[in-house]
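Enquirer: For the record, the sequence lines run as chains A and B. My numbering applies: residue 1 is where the first sequence begins, and numbers increase by one. My numbering applies: residue 1 is where the second sequence begins, and numbers increase by one.
Treat the hints with care, since some could be wrong.
[Said to hold, decoys possible] Which bits of chain B does chain A cover? Going by a derived footprint, with three or more residues having C-beta under 8 Å, they are: (1) 76 to 85; (2) 121 to 127; (3) 204 to 217; (4) 272 to 284.
[To be verified] Straight line, CA to CA, 25 Å or less: simulated BS3-like cross-link-like pairs of lysine-lysine: (5) B:K84 <-> B:K102; (6) B:K292 <-> B:K262; (7) A:K35 <-> A:K55; (8) B:K73 <-> B:K102; (9) A:K141 <-> A:K117; (10) B:K84 <-> B:K73; (11) A:K31 <-> B:K177; (12) A:K31 <-> B:K176; (13) B:K176 <-> A:K35; (14) A:K31 <-> B:K170; (15) B:K262 <-> A:K35; (16) B:K176 <-> B:K151; (17) B:K235 <-> B:K176; (18) A:K151 <-> A:K138; (19) A:K35 <-> B:K170; (20) B:K106 <-> B:K73; (21) B:K106 <-> B:K177; (22) A:K35 <-> B:K177; (23) B:K170 <-> B:K262; (24) A:K125 <-> A:K159; (25) A:K138 <-> A:K117; (26) B:K151 <-> A:K35; (27) B:K176 <-> B:K262; (28) B:K235 <-> B:K171; (29) A:K31 <-> B:K171; (30) A:K31 <-> B:K151.
Calculated from the structure, these hints are not laboratory results. The C-beta atom is built at its ideal place from N, Cα and C for all residues, glycine as well.
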Amino acid sequence: MDLILPGFGLLFWQTVIFVLVLIILGRFAWKPIMKALNERERVIEDALSAAEKAKEEMKKLQADNEALLQQARQERDKILKDAQSSANHIISEARDKATEEANRIIESARALIITEKNAALAEVKNTASALSLEIAEKLLKYNLSNDESQKRLVQEYLKESKLN
Amino acid sequence: MQTLTKYILLISFLFITTTSILSAGDNKKENSEEEFDAGELIMHHISDSHEWHWFDIGDERYITPLPVILYSKEYGLDIFLSNKFPNLVESEYSHYVVHHDKIHAKDETVHVWDISITKNVVSILVSVILLFSIFLTIAARYRRNPLVAPKGLQSFFEPIIVFIRDDIAKKVIGEKKYRFYMPYLLTVFFFIWFNNLLGLLPAGANVTGNIAVTMCLALFTFIITNLSGNAHYWKHIFWTPGVPLPLRIIILPIEIVGIFTKPFSLMIRLFANITAGHIIILSFIALIFIFKTIFIAPVSIAFGLFMSFLELFVAILQAYVFTLLSAMYIGAAVEEHGHHDEHH
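Bound-form chain A, shown alone (with noise of 0.2 Å):
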């Protein structure tokens, strides 16, 4: 019976020194190791975000570098393209010009050249009128006796006029 009746002596011992070491132990034992638990883990937890921060930085980085290298790309292509495309247009222009030129180089010298032909054509005309005049002049001033002689003497002024 004795067994299932708490003793007053050890119920008071046991309350006294329970609450002592509840108190004890609360405020130097449990706190500091709770404390330093969550702490802990608040900065185990804070380590891996900003790992996984990091990386993810990273990434972001990478895809940024990426996307720079291929703007890069394309103005650099594009850069190619015009000025290709302005050379072209340049030969072109610098073509187009000189044929131009050439053209009117062409031009002016074939207007020379009739100006020419046409003063050629007007000396020979002259000289010719004026050798028919002088041929004209010295045959009547011969004795046509015969036909003979008027032949040999029209041949005799041809040779020696040589025309031009």
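Using the hints provided, position chain B relative to the given structure of chain A.
Expert: Here is chain B on its own, set in the frame of chain A:
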């Protein structure tokens, strides 16, 4: 000669099986070849005492007397060592008589308050010294640098502390309110566990198998639970929601009894488990003396050894059960029932 062999055998078996020390019978009886009373022997070993009885060799009792502290209105405060009594079975000293380790006044009308430092109190103090030296030491380490990895004792106890926090307090009481109850849950767990283990040492005291100790612990849970009880907890007890009116009247006394049966079950469970373990181990050893042959000894050793290992497990299991149930009672008292409010 036979008696001597009996005791030598006994003591060696006890130390091998690392169970509570057993010294068969009381000194008065051995001389007179009296019948061996296993029941009395076991009761002697699981009960509290005013002296620490280590072992007997022959007729010599090796004991440490403990301080007796008595208070009564008539005689005032009296403090003396228990060896002032010639023996604790039946003797007297000054105004007091002792009868089977119970101290009364000679004058039967005088009520004496016995607040002696008994064997159990000493054992509790030993456990407290252990608790302090372990947890204050590791707390200092946590305080110095909370971020370093645990080492030594710290790494042994840290998983247990984290287990109590995460799997008992957080899960049962809830993320919001568990913090306040952590010191109590941790203290109660380690107090019970350490005392359970100390009780398994040879000559150890049966502290957690003493109803006064378990009653005190259960009372703490009872007080904390009911002081923490929120409006909903009390409403649930006095006017159970979602139940027809006539039933509420029937439920009311059941709920009120329930307030007390919860801690009562805590008290009985721990007391019965630890005491039963001690009784079983002692019974196996007592078999040797009941059958009066050493041939039964191998059986006693085998079963005693098995029980001792089982008790090592029970020591932590019962500490866990007490802590878990305390947390559940507290958890029920502080729980918020959002969904229930729609019904009433």
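Enquirer: For this structure, which hints from the list above don't hold up?
Expert: When the structure is compared with the hints, numbers 1, 4, 6, 7, 9, 15, 16, 21, 25 turn out to be violated.
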